[in-house]
Every structure is written in structure tokens, then in C-alpha cells.
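**Q** Counting with our numbering, you get residues -12 to 118 for the letters of the sequence shown.
Keep in mind that the hints were calculated from the coordinates and are not lab data. In this text, a Cβ means the ideal position worked out from N, Cα and C, and glycines have one as well. Treat the hints with caution; some may be incorrect.
Taking CB as the label site, the calculated pair distances span [stated by the list, open to error]:
(1) Val33 - Gly114: 33 to 43 angstroms
(2) Tyr62 - Ile37: 16 to 26 angstroms
(3) Phe18 - Ile106: 27 to 37 angstroms
(4) Ile117 - Gly58: 36 to 46 angstroms
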Amino acid sequence: MKKLYYTSFFYVILGLLAGVAYREITKMNDFTGDTVLVALHTHILVLGFIFFIITLILAKLFNVHEAKSFGAFYYVYNFGLLITIGTMATRGMLQINGEDISFLPHIAGLGHAILGAGIIWLLVILGKRIK
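Using the sequences provided together with the hints, build the complete structure.
**A** Put into C-alpha cells, the structure is as follows:
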């Protein structure tokens, strides 16, 4: 369960830093347009910090962390989240510089799909623990 706490702690720090970075980078570059960096802060806090706090609560209440496939779920979900965060950060920085790479939204979409699979995986684990 400590791993869930430390993971949540990592994502809250990363999310807060992403919010500060967005503000400072756009200010330094006098950028006033649209960039996906706006959503990065929220994505990290909700899909990282809040998700793992809720998972920690589920571990305490239903012992989901003791399920055989929980370790695999944990790594798959984090992998999907890091893909999503990385591509959003990259695309946002490119947008600030007036550039873009057309395939980055597709990679971010893949990260989101992996996250979705991870959420369903956790719900299946939870369902087995509730029975």
C-alpha cells in the first residue's frame, strides 16, 4: 500500500510542477494562444494523484493490492499515464514555439486508451474482491 501512497505523492508533485511550468513558460515566451499544456496539470492531478489516492482507499477497504494481477495493472496504468503526460508536454512545448507534430495526438490517444484499459482492469479486480 505504501507504493500507492508514494505513487500518488509523485503525481501530486509532478502535477503542481506542471501547473507552475505552464504559467512560467507561457509568460517567458509571451505566449497567449492555445496549447495542450493547459490540460497537462489537470490530467496529472486527476489521473495520477487522485486516481492513486482512490486506489489506496480501495486497497485499504477491499485489499485490491493483494490480487494476483494488481502488479501488472499498476505498471500498465502508469505506462499509459506517462505516455499521455509525455506526449502532452511535448506537444504543448512545440505549440508554444509555433510548431506541431501531427502524430503526437495519436500517441496521446494511445496513452489514454491504455489508461482506460487500466481503469477497467482495476474495476475487474475490485469486482472480484467485493464478491
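**Q** If a hint holds in the structure, say so; if it doesn't, say that too.
**A** Status of the hints after comparison with the structure:
Here the CB-CB span from Val33 to Gly114 is close to 23 angstroms, at odds with the stated 33 to 43 angstroms. Distance hint for Tyr62 and Ile37: a CB-CB separation of about 19 angstroms, consistent with the stated range 16 to 26 angstroms. For Phe18 and Ile106, the hinted distance range of 27 to 37 angstroms is satisfied, since their beta carbons lie about 33 angstroms from each other. A hinted range of 36 to 46 angstroms for the beta carbons of Ile117 and Gly58 is inconsistent with their spacing of about 20 angstroms.
Hint violations for this structure: numbers 1, 4, all remaining hints satisfied.
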